[in-house]
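**Q** Just so you know, the protein sequences line up as chains A and B, in that order. Counted from 1, the first sequence has number 246 at position 34 by this note's numbering; the numbering is strictly sequential. Counted from 1, the second sequence has number 102 at position 100 by this note's numbering; the numbering is strictly sequential.
The hints are simulated quantities; they were obtained by calculation from the structure and are not laboratory data. Note that the structure is a prediction, hence the values are computed from the model and not measured. Worth double-checking, as some hints may not be accurate.
[To be verified] Distance condition first, Cα-Cα at most 20 angstroms in a straight line; then the derived SDA-like pairs of lysine to any residue: (1) A:Lys227 / B:Leu20; (2) B:Lys122 / A:Pro442; (3) A:Lys254 / B:Ala16; (4) A:Lys254 / A:Val288; (5) A:Lys254 / B:Ala15; (6) A:Lys254 / B:Lys122; (7) B:Lys122 / A:Met408; (8) A:Lys227 / B:Lys122.
[Unchecked claim] Incomplete in silico selection of chain B near chain A, CB under 8 angstroms: (9) Ala19; (10) Tyr47; (11) Thr48; (12) Leu88; (13) Ser94; (14) Val97; (15) Asp101; (16) Thr102; (17) Asn109; (18) Gly134; (19) Val137; (20) Gly141; (21) Leu142; (22) Ile144; (23) Val151; (24) Ile153.
[To be verified] Residues from chain A that face chain B, not an exhaustive set, calculated with beta carbons under 7 angstroms: (25) Lys227; (26) Ala229; (27) Arg247; (28) Gly273; (29) Arg294; (30) Val348; (31) Ser357; (32) Pro358; (33) Arg361; (34) Met365; (35) Pro389; (36) Met408; (37) Asp411; (38) Tyr415; (39) Ser457; (40) Gly459.
Each residue gets a CB set at the ideal place from its N, CA and C atoms; glycine is no exception.
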Amino acid sequence: MASERTAVIGVGQTKYAAARRDVSMAGLLREAAYRALEMANKTWSDIDAVIIGKAPDFFEGVMMPEVYLAEALGAVGKPIMRVHTAGSVGGSTGCVAASMVQSRVHRCVLTIGWEKQSESNAMWALSLPQPFATSVNAGAGGYFSPIIRRYMMMTDAPELIGCMVAHKDRRQALLNPYAHLHQHDLTFEQVVDSPMLWDPIRYSETCPSSDGACAIVLVDEAGGDRHPGPVAWVHGTAMRSESNSYGGRNMVSPAASEQCADDVFAQAGIVDRRAEIDAVEMYVPFSWYEPMWLESLGFAAVGEGWRMVESGATELDGGDLPVNCSGGVLSSNPIGASGMIRFAEAALQVMGAAGEHQVDGARRAVGHAYGGGAQYFAMWIVGSDKP
Amino acid sequence: MSADRPEARDPLAAPAALSAPVTLPEALAGAEPVESVCTPIRMAYTYTPGRALSRYLRAMADKRILGERCGATGQVFVPPRGVSPLAGAATSEVVELADTGYVESFNITRVPIERRPDLKPPYCSAWIVLDGASVGFLGLVINLAPEEVRIGMRVRAVWKPDEELETSAANILGWEPTGEPDEVITDYERIGRIEASDP
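Hey, can you work out the whole structure from these sequences and the hints?
**A** This is the structure we're talking about:
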C-alpha cells in the first residue's frame, strides 16, 4: 500500500535572537506554534499529535521539558513524541512528523523544534571531560576545524571560499525578518579580517548562539487539497546515521550523508540534482560546510563544491542553485530548531511564501540537517506539485 | 475560512491568540518583574570505565598505549571502547601500540578553553594516528609553533615524569615532532585510513 501523500500547510517561526528575555521557554514555543496554526488555518483542537525535537537536556539544564511544556505545546491529552538526534534533531523531527501522516497514524500533526541557548552554555555542554581522553577541544568549532582543513587540502580550495559563504549568508539574512544576525554593513573584508577562533575557522564564519523555535503543520492528502492557502507537498524524507569513529571513515563526506542523499533524491525521482532542485536549505554552522555538503549531496562533483561557491551559483541573486536564502544556520542557530528551520524554509520556498528571500518560481526544494560528529543526517524534498 | 496570503501579514506581529494583554492578579500588583534567575547546577558522578577502558587506563600508568582489534574487520581502536562500530561486535584482541604516529589533521585554537587554563592560545590540537591504529587519537602537538604543524607530520608522545604517572590519558602531555619524513598521504578523503586490511 502506498504511503499517504503529505502536505505542509503551515510554518511558524519566532524572531531569533541571542536572548529572548521577553518570553519563557513555553512562550517561545507558543509564538512559533500559533504562527504555524494561523498559516494553516487550524486551531489546537485540529491537531492529532505533537512531535517535538530539541538538543540534549543538559544544554539548558531542564530535564524532559516536554512534560512541563505539554500545555504550551497543545499536547495535553494527545500523543506526544520526542526525537533525539543531536544537531540534526530539527530535521529528523520533521521526518518523523511526516511519517506519522504518511503512515496514516494521524491526519494532522504539529511538529516543533526549539532551543533557548541564552539559558544554556552549549559550547561547554559539547566539551564534557572524558576520563579516557585529554580535554583539548573547545566546542564544535574545535571538532570540525580539522575536517575542514582536510577538505581544503584535499581540494586545493582557495583560502577565502569560506568567507564568501559567510558573507553571502549574512547578506541573505537581511532579507529574512526572523534571522538573528542582521549585519547591515558587513563587508567581505570584515569577514576576512575577523579573528581566527579555531584556525582555519574565523569568527565571522561561525554560527551565532540563538534563542528560537520553529513549527510546521503537516496534513494528509485530503487536508492538503482542502487548504485554501499555499501547500508544500512532501516528495521524500530520509535519515541515516553512523559511528563517528571507525577506520577509513570519510569525515569530509560521510557514507551516511551520501546514502541519505541518494535515498531522498530517489524517492523524489530526481536524476540531475543541480538542475532539478530550485533552492536548498542546508545545515551550514561553519562556512566551509557549504562546499563540503554541495559535494556530499551530489550537487557538485568531488572537489568542485568550492567552484560553485566561487562562481556565485549558490547566491539568491542570480545563482542557479540558491543555498540558504534565509541566511541559514550562520545567521540563526537555535540548535534544536535549526534543522527544522531548514525544512520549514524549503517548504516556504515552494509555497511561494518566503517573502523577500523568495527564489522566483521555486518548485522543488531540499531541507537538510546534520548533527553529532557529522554522523546524523536528515533530509526532505518538498514540491509545489503533488508527488 | 480566511484565505489571507501568508506573505501579506506582518511576519513579526504577535499571533492573534497571543496578542491579548496579560493582566496580573491584584496580589501581584507592584511586584518587581523577573525575567530570569541564574541557578548554577552541578552533578558529581563516579565513572565506571568497563573492561576495555580499565585495561587502557591501567596501562597508561606504565606509559603503554593499549588498543583493541576487531576480529571481523581487523581495525584497531584506541582508546578502546570494547566494541567495533562497523562489525557491531566486541573487539577480540588487546594490541599494544607504539607511542609514535602521524598527524591526521589538526586545529589551532585561538580562544581560551575554560577547563584548561594551562593551555595558552594559540595551541594545536590534532588527531594522531598511532602506528598500528585505524582511527585518530586526540592530543596536543607541542614543542613547536602551531603554524609549523603539517598534516602527515610524524610525532611521538611526550609523557609526564615517571613520579607523576597515574591511570589517566593525561599522562601524555602532548605529541612532538620526531623529525622523520612526513607520511605521504594520497587519499585525503579517507581520514583514519588503514594500510593493510583496508577493504
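**Q** Given glycine 459 of chain A as an interface hint, is its Cβ closer than 7 angstroms to any Cβ of chain B?
**A** 3 angstroms, holds
**Q** Hinted pair, alpha-carbon criterion (20 angstroms max): lysine 254 of chain A, lysine 122 of chain B. Please report holds or violated.
**A** It is violated: about 56 angstroms lies between the C-alpha atoms, which goes past 20 angstroms.
**Q** Should the hint that valine 97 of chain B touches chain A count as held when the rule is a Cβ pair under 8 angstroms?
**A** With a minimum Cβ separation of about 13 angstroms from chain A (threshold 8 angstroms), the hint on valine 97 of chain B is violated.
**Q** Against chain B, is methionine 365 of chain A within 7 angstroms by beta-carbon distance?
**A** Holds: closest Cβ of chain B sits about 6 angstroms from methionine 365 of chain A, inside 7 angstroms.
**Q** Holds or violated: lysine 122 of chain B with methionine 408 of chain A, Cα cutoff 20 angstroms?
**A** 15 angstroms, holds
**Q** Mind checking the CB of serine 457 of chain A against every CB in chain B and telling me if the closest is under 7 angstroms?
**A** Nearest chain B Cβ about 5 angstroms off; hint holds.
**Q** The hint names valine 151 of chain B as touching chain A; please verify it with the least Cβ-Cβ distance against 8 angstroms.
**A** Not OK, violated: valine 151 of chain B not within 8 angstroms of chain A, min 10 angstroms.
**Q** With a cut-off of 7 angstroms, does the beta carbon of arginine 247 of chain A approach a beta carbon of chain B closely enough for the hint to hold?
**A** 5 angstroms, holds
**Q** With 7 angstroms as the cut and Cβ atoms as the points, is serine 357 of chain A at the interface with chain B?
**A** Hint holds; serine 357 of chain A Cβ to chain B Cβ min 4 angstroms, cut 7 angstroms.
**Q** Would you mind confirming whether the straight-line C-alpha gap from lysine 122 of chain B to proline 442 of chain A stays at or under 20 angstroms?
**A** Between lysine 122 of chain B and proline 442 of chain A the Cα gap is close to 55 angstroms, so the pair fails against 20 angstroms, i.e. violated.
**Q** At a threshold of 8 angstroms, is the proposed contact between glycine 141 of chain B and chain A supported by beta-carbon distances?
**A** 6 angstroms, holds
**Q** Take the shortest C-beta to C-beta distance between leucine 142 of chain B and chain A; is it under 8 angstroms?
**A** 5 angstroms, holds
Comparing the model with each numbered hint stated earlier shows that hints 2, 6, 8, 10, 11, 13, 14, 15, 16, 18, 22, 23, 26, 29 and 38 do not hold.
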